[in-house]
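Build out the structure end to end from the sequences listed, making use of the hints.
Given next are the chains, with one letter for each unit.
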Amino acid sequence: MKKPLHIETGCAHCNVRMHSVFNVLQGEQLTEMSMHKSCNIYKKGQYVFAENGLPTGLFCINSGKIKITTTGYDGKEQILRLAKSGDVVGYRALISNERYASSAVTLEDASICIIDKDYFFKAMDATPKLMFEMVKKMSHDLKTAEDHIVSLSQKNVRERMAEALLFLKATYGLEEDQQTIMVNLTREEIADYVGTSTESCIRLLSEFNQDKLISLSGKKIKIINLPMLIQTANIED
Amino acid sequence: MCKHADETKIMINHLLEEVYPLLALKIKYALECNHLQHSLAPEKQVMNDLMTDIKNEFQSLVTYEQKLVFPSVLKIFLATKEQDIMPNLGDLLQLTKSKEHKLMHKIRRLALMLEDPQWDIEAQSILAKAFLTNFTTEKLNWYKMIENRTKSCSCFKKNYFKLEKSYKTNSILPNEHPFTNPNH
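Chains as they are written, first to last, in my numbering: chain C, 3 to 239; chain Z, 313 to 496.
Keep in mind that the hints were calculated from the coordinates and are not lab data.
Wrong hints could be hidden among the right ones.
Claimed, not checked - Residues from chain Z that face chain C, not an exhaustive set, calculated with beta carbons under 7 angstroms: (1) S372; (2) Y376; (3) L380; (4) S384; (5) P399; (6) N400; (7) D403; (8) L404; (9) L407; (10) S410.
In this text, all values refer to a predicted model and were calculated from it rather than measured experimentally.
Every residue gets a Cβ at the ideal spot worked out from N, C-alpha and C, and that includes glycine.
Next comes the structure, spelled out in structure tokens:
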């Protein structure tokens, strides 16, 4: 791991502070924070912190972008989220007093400050507004994570619906227009193939219709965009 | 029906009545095992989700094979000139292989997790082993049998290649012949 270059900047003059959780600090509080932090320059691809490491402070990104990643069970890197200037990272392990469950790696040259752990806790104790900003930040990140979970589960059902339509096309063939699947199935029957409820099946078909993957006419299903349907089904070669 | 059709039917019955129910039972045991139910490990949810994914993916595979793929294979033996609606067996087998690939990916993930001593659960080890050995072998035999039919069974061969020719223009997958890589 390369050693980052060290630079000095005062928090009062920081151009991104107003977009960060520290926007509520003023005057002496900023001077004090400047005394309890250090700022470093990281080259692209450098680790800011690594999985399993012990947190010593809170990282505040002054400039540049970083990725927060973890290693999946198959050994592959899984990007959890991206962070940009004004964002604070590494707060989860710091506050819960645990080791890092993820790593932070710079995606481009970045300037990042680390605020001393003890000072950060004292500042939160002394400044309820800062505490509230941190809670807001956590709630926002939690919402983003929840949205991600929902989108992943919906992706899975969309994938299965696309797969079902491809199976039906391969089994029953297409009508003369080379687009309409030559079978009339009820929504219940299609839902059975997809492994979902009839309500979800109706909603998914309607979504596919809106996305112009298919068009619906009663029980007839016309495949309008076959390449996109194959892509949605995530067919492996 | 020719004797090959009868043998194919026996193989389908073997899969549907012996191989798949046994695997389904092993999934059920692995999902309901006490160790997993009462585990305090923080990754318990990850393991539970993975097991549920395996169950769903397997059920889905069986549904497609039972309702669409196997009847389509048998239909090829009976194809006549008058029948103009015929299944695209090449695409069906590619789609099935794609599903098997997804399922086996999850099984390999399970096997990897089981290397961790905290997950030394017998029911799950048995399940992973059953998929990595029995299931893989049975499916290999199935694909080999289909490949043999395209080479040695005159009625299947004639109808299959006639269909393959007619579907050549609208095949959904850019892959090679579906039987070239039975392991996928």
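Going down the list of hints, with the structure as the test:
1. S372: holds, 5 angstroms
2. Y376: holds, 6 angstroms
3. L380: With a minimum Cβ separation of about 4 angstroms from chain C (threshold 7 angstroms), the hint on L380(Z) holds.
4. S384: It holds, given that the least Cβ distance between S384(Z) and chain C is near 6 angstroms, below 7 angstroms.
5. P399: holds, 5 angstroms
6. N400: holds, 4 angstroms
7. D403: Holds - the Cβ of D403(Z) comes within 7 angstroms of chain C, reaching about 4 angstroms at its closest.
8. L404: holds, 5 angstroms
9. L407: holds, 6 angstroms
10. S410: holds, 5 angstroms
In summary, the structure agrees with every hint in the numbered list given earlier.
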